[in-house]
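Asker: For the sequence shown, the numbering used here gives the first residue as 363, with consecutive numbering after it.
Fair warning: there could be bad hints in the mix.
[Unchecked claim] Only pairs whose alpha carbons sit at most 35 Å apart, straight line, appear in this in silico DSBU-like list of lysine-lysine: (1) 418 - 553; (2) 563 - 553; (3) 418 - 582; (4) 563 - 582; (5) 586 - 553; (6) 586 - 418; (7) 553 - 461; (8) 461 - 563; (9) 582 - 553; (10) 586 - 563; (11) 461 - 586.
[As the list claims (entries may be wrong)] Okay, the calculated beta carbon distance ranges per label pair: (12) 581 - 399: 43 to 49 Å; (13) 518 - 566: 25 to 31 Å; (14) 484 - 365: 25 to 31 Å; (15) 426 - 499: 30 to 36 Å; (16) 462 - 563: 23 to 29 Å; (17) 501 - 394: 39 to 45 Å; (18) 462 - 434: 41 to 47 Å.
Honestly, the hints are just simulated from the structure, not real lab data.
Built from N, CA and C at the ideal position, the CB exists for glycine as well.
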Amino acid sequence: MIRGLIFDFDGLILDTEVPIFRSWQEIFAEHGCTMTVHDWADYLGRSPDSFDPCDKLEACLGRPVDRDALHARQRAREQELIESEEVLPGVVDRLQEAKRMGLRLAVASSSPRSWVHGHLSRLGLLDEFDCVRCGDEVREAKPAPDLFLAALSCLGLRPEEAIVFEDAPHGITAAKRAGIFCVAVPNALTKTLSFDHADLKLNSLAELSLAELLSHVEEKIRFKHERGEGA
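Full structure from sequences and hints, please.
Answerer: Here it is as structure tokens:
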């Protein structure tokens, strides 16, 4: 029986990923270089410390750049773009339905706690979640399972009692390694990537009511059990 839901944050609750990508893309263009969606794809869902776009920019230019200055400019532009973004479609409705059903709710994000808490507070969503677990609180970020295992522990649930919602392949890998049923909800940046390892794929969280979604999930879990498969 499903007793809890675990949500990724960036690109799933709030579209922070397109603003981050766009802000770097603008900087690359100013230097006569390109940053494509495919260049960015391997970074999505990982810890922010795992990739510095300045590495790619320096490789393109063949010389060092003023990283501090570029990061400062990028952060300012990123913040400007993010503050114009609203919660992604279906998120609030699904949270409200989950509350009415008595389900426990968590966020598991590779981003730092200050980032996740700050945006959830600004959006008025922080109090909707029973637990928030972030990348700077675990040994390894996604695609390692640590974040989802930490979220399960906080919620007091077993893997088979939860569903994870993820927008990126690395996050789905992490959820599967934790033994949790995972629903892929690709965003504008990740929609062309492979989600074959997800248990279910939606175009948006607005696509199905939570009751409809749970019915689909339970049917898939029953089918897997009949075939003797795990999560």
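Asker: Each hint needs a verdict: does it hold in this structure or not?
Answerer: We went through each hint and held it up to the structure:
1. 418 - 553: holds (23 Å)
2. 563 - 553: Holds, at about 11 Å.
3. 418 - 582: violated (42 Å)
4. 563 - 582: holds (12 Å)
5. 586 - 553: Since the Cα atoms of residue 586 and residue 553 sit roughly 26 Å apart, the hinted pair holds (cutoff 35 Å).
6. 586 - 418: violated (43 Å)
7. 553 - 461: holds (29 Å)
8. 461 - 563: Cα-Cα ~23 Å, so holds.
9. 582 - 553: holds (23 Å)
10. 586 - 563: Distance of about 16 Å is within 35 Å: holds.
11. 461 - 586: The given pair, whose Cα atoms are some 28 Å apart, holds under the 35 Å limit.
12. 581 - 399: 43 to 49 Å: violated (33 Å)
13. 518 - 566: 25 to 31 Å: Because 30 Å falls inside the window, the suggested range holds.
14. 484 - 365: 25 to 31 Å: holds (29 Å)
15. 426 - 499: 30 to 36 Å: holds (33 Å)
16. 462 - 563: 23 to 29 Å: Holds: the Cβ-Cβ distance is about 25 Å, inside 23 to 29 Å.
17. 501 - 394: 39 to 45 Å: holds (40 Å)
18. 462 - 434: 41 to 47 Å: This hint holds: roughly 44 Å between Cβ atoms.
The structure does not agree with the numbered hints 3, 6, 12 stated previously, though it agrees with the rest.
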